[in-house]
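**Q** Work out the full structure: start from the sequences and follow the hints.
2 protein chains.
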Amino acid sequence: MNILIIGGGGVVGQKLARALVARGQLRGKEISAITLADVVDPAPITAPFPVHTVACNIADPASVASVLSAEVDVIYLLAAIVSAHAEEDFDAGWSINMMGTLNVLERARALQTKPVVVFTSSIAVYGGEVPDPIVDHSFLNPQTSYGAQKAVGELLLNDYSRKGFVDGRGFRLPTISVRPGKPNRAASSFMSSILREPLNGAEAICPVDDDFPHYYLSPRKCVENLIKGAEIAEADLGQNRCMMMPGRMWTIRQMIDAMTAVAGPAPANLIRWESQPDIQRIVKGWRFDLRPEKSLALGLTADDSFEDNIRYYLEDDKPSA
Amino acid sequence: MNILIIGGGGVVGQKLARALVARGQLRGKEISAITLADVVDPAPITAPFPVHTVACNIADPASVASVLSAEVDVIYLLAAIVSAHAEEDFDAGWSINMMGTLNVLERARALQTKPVVVFTSSIAVYGGEVPDPIVDHSFLNPQTSYGAQKAVGELLLNDYSRKGFVDGRGFRLPTISVRPGKPNRAASSFMSSILREPLNGAEAICPVDDDFPHYYLSPRKCVENLIKGAEIAEADLGQNRCMMMPGRMWTIRQMIDAMTAVAGPAPANLIRWESQPDIQRIVKGWRFDLRPEKSLALGLTADDSFEDNIRYYLEDDKPSA
Chain A
27 MNILIIGGGG VVGQKLARAL VARGQLRGKE ISAITLADVV DPAPITAPFP VHTVACNIAD
87 PASVASVLSA EVDVIYLLAA IVSAHAEEDF DAGWSINMMG TLNVLERARA LQTKPVVVFT
147 SSIAVYGGEV PDPIVDHSFL NPQTSYGAQK AVGELLLNDY SRKGFVDGRG FRLPTISVRP
207 GKPNRAASSF MSSILREPLN GAEAICPVDD DFPHYYLSPR KCVENLIKGA EIAEADLGQN
267 RCMMMPGRMW TIRQMIDAMT AVAGPAPANL IRWESQPDIQ RIVKGWRFDL RPEKSLALGL
327 TADDSFEDNI RYYLEDDKPS A
Chain B
27 MNILIIGGGG VVGQKLARAL VARGQLRGKE ISAITLADVV DPAPITAPFP VHTVACNIAD
87 PASVASVLSA EVDVIYLLAA IVSAHAEEDF DAGWSINMMG TLNVLERARA LQTKPVVVFT
147 SSIAVYGGEV PDPIVDHSFL NPQTSYGAQK AVGELLLNDY SRKGFVDGRG FRLPTISVRP
207 GKPNRAASSF MSSILREPLN GAEAICPVDD DFPHYYLSPR KCVENLIKGA EIAEADLGQN
267 RCMMMPGRMW TIRQMIDAMT AVAGPAPANL IRWESQPDIQ RIVKGWRFDL RPEKSLALGL
327 TADDSFEDNI RYYLEDDKPS A
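Just so you know, the protein sequences line up as chains A and B, in that order. Take the position in the first sequence, starting the count at 1, then add 26; the result is the number in this note's numbering. Take the position in the second sequence, starting the count at 1, then add 26; the result is the number in this note's numbering.
Think of the hints as simulated: they come from the structure by calculation, not from any bench. Computed from a predicted structure; not experimentally measured. There are no misleading hints in this set.
It does not matter which identical chain is meant; a pair holds if it fits inside one copy or across any two.
Below, a list of computed lysine-lysine pairs in the DSSO-like style, where the Cα atoms sit at most 27 Å apart: (1) LYS310 to LYS320; (2) LYS254 to LYS344; (3) LYS41 to LYS254; (4) LYS189 to LYS310; (5) LYS320 to LYS254; (6) LYS344 to LYS208; (7) LYS41 to LYS208.
**A** Here is the structure:
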């Protein structure tokens with residue numbers, strides 16, 4: 027079992043790689059090698075088998091060909107230009123998120139090895155004129171370039187799979203919280219930083235009101251679901267290989283209360299409330315009443331409580347003092 | 027008012043050009059020029075203003091740039107590799123239907139003139155795991171490459187419009203019947219030929235049973251709707267600029283009975299019934315219970331009866347003996 031993680035330098039990619047190393051096998055076969063590819067050379071991972079790290083620009087077909095060989099059995103395609111960045115830089119978003127996905131699929135097709143491709147889409151594909159709740163057969167009406175690019179990626183993945191070029195499966199990730207590391211250019215960045223920074227003893231800005239509802243999943247559950255997602259039998263995927271990944275709807279207030287329940291009252295006092303219309307304009311178009319029936323039926327799961335999300339951060343990610 | 031029709035050599039493109047010439051104006055402005063672009067130089071049209079005909083390969087950005095100038099106010103983007111052709115030739119389908127659409131939008135963006143773009147999508151975007159009836163917020167789950175390419179085109183058109191680069195509006199065309207001319211490589215080709223050939227005194231093959239239901243529109247109504255489509259106020263398009271074009275559901279039996287009602291019993295005897303599994307595999311994935319509420323509310327219309335479809339063919343298209 028040879029695994030390529032494109033976006034292997036990112037938070038989810040690194041956690042996924044470590045979880046795969048701990049597990050030792052995927053799809054019933056012992057893992058023999060993992061390659062972590064990202065726009066800059068990813069951090070190495072210790073494992074009892076070779077873990078290669080390599081720089082790759084998925085917008086460049088030759089660069090994709092250099093990392094994707096016929097030996098690869100499973101490709102995790104996690105790399106993306108995130109939402110606010112894609113909104114600012116129209117060309118970079120379409121080039122990486124659409125053409126990059128196409129380049130990976132085209133390379134896989136040329137190899138004629140039908141690798142499994144696990145693609146991370148996003149709940150940013152939802153928006154616009156679609157009634158709540160969002161169900162498996164709700165229209166994708168993205169109101170951001172990022173969402174549009176992910177929706178195109180889903181169509182590509184489905185058609186390349188229908189033709190038998192790849193065995194694709196796509197998962198619309200909820201917003202990951204508590205995401206470790208630094209703030210990034212995703213419009214959703216604050217949805218982790220208002221918890222992460224205070225839990226680390228630092229201030230954070232909340233740009234929306236505390237009744238803002240959104241749909242979340244912890245990094246730990248996300249990685250579990252990505253592993254399960256690679257293992258779903260192809261026949262069970264049906265006529266649409268892309269589906270919501272389960273999450274849970276929480277308001278900012280519920281998330282902060284969960285933080286207080288787990289870590290005491292001090293962190294919440296480090297949150298500064300500062301309305302940011304640019305961020306609000308993006309995130310208020312996102313949908314939060316999601317019913318991921320298909321992925322739940324296929325065995326994927328959400329967090330049991332937001333207290334769990336807080337605990338997972340403290341256990342897995344909080345920097346030691 | 028300067029109009030560019032890409033796909034101007036096709037049946038709909040030619041009829042649209044003639045209807046625009048007869049009308050003399052579009053969006054409240056007198057038409058000053060029409061350019062008909064197609065993969066081979068389109069047939070010329072007589073008009074009281076210049077009608078240019080030009081060969082253009084939309085898969086080639088330079089070729090698109092040569093036909094799309096800053097003078098163009100309205101672009102009709104009708105050109106496409108049709109369904110069975112796109113299913114056979116995977117590369118040609120994605121190259122023309124997706125990259126061609128992207129090339130037109132990119133050229134329009136570079137011009138910074140925000141032209142109106144009327145894009146013809148198709149009801150082939152529907153399929154798969156989506157319950158009937160198909161409504162405006164039903165998921166697009168195409169089960170052909172052609173359908174997937176049109177669905178991608180819609181996402182591109184919406185995002186380029188949301189960004190203000192173009193004023194796009196897309197219409198998912200029902201199957202056009204009775205389409206004049208020769209059979210083509212669309213899987214739906216028989217849905218016209220079983221009427222057209224007998225009305226012309228020739229034999230035709232029907233590859234499906236007579237209870238096969240599908241969703242149709244006459245060329246005359248299609249052209250009317252494309253003109254109305256260009257004239258919808260941008261503000262009325264809402265958060266999704268792509269919608270079904272109204273049509274009506276008919277079975278093969280109803281269509282043949284309508285032909286008999288209008289033209290007598292002789293034509294129906296020229297139909298040979300011959301089951302064709304390849305064609306059936308494609309067309310049976312298509313959806314027919316469609317509810318085009320949005321476009322009806324915006325003033326687009328369907329045919330009143332299939333007898334009308336037959337009459338329009340006899341009036342507009344039947345070759346003189």
